[in-house]
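These are the residues of each chain, in order.
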Amino acid sequence: MRIHYYLEIDEEAKKVKCLKCGHVICDASENYKLHVPRAEVWPDEIYGGRRPPRDETLLIYYEYYCPGCYTMLDVEVMEKDAAPLWDIQVKIP
Amino acid sequence: MTAQDIKQEKEIYRYEVPLGGRRTHIGGGWLPSREEVTKYEKLSPVDFEILSYRMHSICNEARQAILRVSGSPVVAEGGEALFAVYDPHGHTSSLACGLLLHTVGTQGNIREVLEVQAEAPGIYDGDIFMLNEPSIGGYHACDQWTGTPVFHEGELIAWLGSLTHTAETGAIEPGGIPAAARSLLDEGYRVQGIKVQEKGKINRAAINCLLRSSRDPAYYVLDLRARIAGLNVAKERFGRLVERYGVDKVKAAIQQNMDYAEEMARAKLRNLADGTWRFLAYMDWDVGPGPKLIKILTTMTKEGDTLTLDFEAPPPNQGYYNCYPPGAFGLVFVALASQLFWETPGNYGFLRPLNVFFPKNSCLNIPYLTPCGLCAAFPVTEAVTGTIAKMLYTNKQYWQDINAPWQRTCTAGVFWGGLTQHGYPSGSLFSDSWAVGTGAGVDEGRGDGCDTGGMMMTVESCVSDVEMMELQSPFMYLWRREGLDTAGPGRWRGGASISYGVIPHNSPFVALGFTAIGAYGDSSQSLDGAYPPAMESPCEIARGTNILEAFKRQWIPQSLEDLHKLAEESGGTIETVKSPRPVLPVEADRDVIASVFGGARGIGDPLDREPERVLEDVNNKITSLEMARRVYGVAIDSETLTVDLKATETLRDEVKANRRKRGKIWEGSK
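Going down the list, the protein sequences come from chains A and B.
Quick note on numbering: the first sequence equals residues 1 to 93 in the working numbering.
Quick note on numbering: the second sequence equals residues 1 to 670 in the working numbering.
Everything hinted at is true.
Reference listing, derived: stretches of chain A covered by chain B, where coverage requires no fewer than 3 residues with Cβ under 8 Å from a Cβ of chain B: (1) 2-15; (2) 48-60; (3) 86-93.
Hints are computed from structural coordinates only; laboratory data are not their basis.
On a predicted model such as this, the values are computed, not experimentally measured, just so you know.
A virtual CB, placed ideally from N, CA and C, is assigned to each residue, including glycine.
Work out the full structure, taking the sequences as your base and the hints as a guide.
Okay, structure coming up:
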């Protein structure tokens, strides 16, 4: 079952997998973001349009990558040091 | 206990009228009990199709009448008008929408009229009631609703309702959404069920009360008469429907329409996986002096054929970023109607599978008299849209409907008031704020968002022509175009939004109002690896310029950079507005005002976007060469405007190498 542009749940194995490279990330019952690399990025590191300068911004970006192919899976907008948001929690029977 | 008390006490916000009420005489006839109203003989599929379609056509025709009679750009061109048919207790059965958010929000108006006026002075055929009280219906005082009961042989069989966003409310600032408001009392007159027409006759005293409370009686009366015109058109058509098909069938169609919507909604929910999805959205300002983070977390849980939306939100702001439940619920409806149940008749029925929790005394469920001019609901729509998009991945059948949140809009220098070039006082907003980007889809759906596609809560909005704006308001445009690099970069990018520059012109007095939020942090994220779109640029005012001299030199400033150059050349100054500001006088033919709106959200890793699509965006001035290189990893020759595929591969490898270097598994909060 697909749960994301780049992620699916293998319903037999009950695992979250990357659709691009097949990397098995974690159990389907877990928050995948706890099992993939994340990078803290200041908004003004991203070129183009208006991004808040780092001495003013209230929020920063957390980028998450597939550990297999380093496709960017999510860019959270969060307070600094915030825990990853468990945003996808699909019930697998 | 009033309807308002009930709303504030209830944790689950449903707008449901309890079953079992008794038949009551309301002056002009009988109000049937809930049981009588909901029991009906199911129509044949053919009859249902005909009657359901006819009711929808009546709503559409009535809405068109409103748009044609109103002279207000917000209504006539922005499309901010709604028409609906409700059942006798005020549940929406059929609607034509310009303003999705008011579909359910206006239901409270009917219940208020029934509760307060049924016994005395009574409710009669030909009465038209008016309300614009945000704690009862709508989301701010600009949302002005008029409704009329439809009786048949002594029984109330339906209500008809029309709504417009009427920009001038006589608030403490022009334009109806005052940044200086610290109480609902500051936001203008609030009418709570007066009869603007009694038994078919216009109540001039009531209307005068309204007109004399507004800075702009000319547009005001056009809007009011437009709403009455819509009601007249619909009432006549509705009468013919009853004549032709019989009252029982029409009454059945009103109920069956809602039951059908509920069935469709539940069936769709059953087709999706059970689970929980979350989304965070933000605002960044209260009343100052510095920024303040306002965080709203939406948790959506789908189980079987029910959907629960649970919001976590901070206490009310001192300023106007707050919601009474009708407004907050309306913004939930915007996302549901446009993203999840778009194929379902838009009515109360599809809300029955829903449980919605707005925490009491939060900015989404505020105590009475808290200001609410700009509403805290924009993050609500964004967040519900985001959670729906995530849920839709679980069934291939719905991949084509996946849609990232649209641009939030309405957060720049958009309000004005003063004397027009025609010599009368007026106040309104720049319709440019409707020309914002829509969210991206995925491969099976729409792909990129639509540039300047429209405002999510007003799906039929269109931006007024520059010429129309110049005719109706004391401003002259220097430019209006799609903003460069505003779209959320992604494998599928969000839609770009608008950029505009104006000068006040030919008026002795003009003032501007600013609603800017989003200068200190992104309002919410994109989806699945796309970057957030650019934020709103702060509104910039170049003061004391010699713009008329520039015209003589045949130079028309075309960008924020040009604005700075103009100010420097003229010995003028640049004022940057990054937060809500009370109205600010501006000088005709000397000051220049410019805004660049933020874009909409994308989907997927920007490195996965085909280089030729990035090139097309560069050619269309949606994406700059520098953004193409640094964010999309696409090398484009600035002279020949061709893609260098080898250099592109190298660039993308470099970005991925950097990700490998920086990415670390999260090990808990420090």
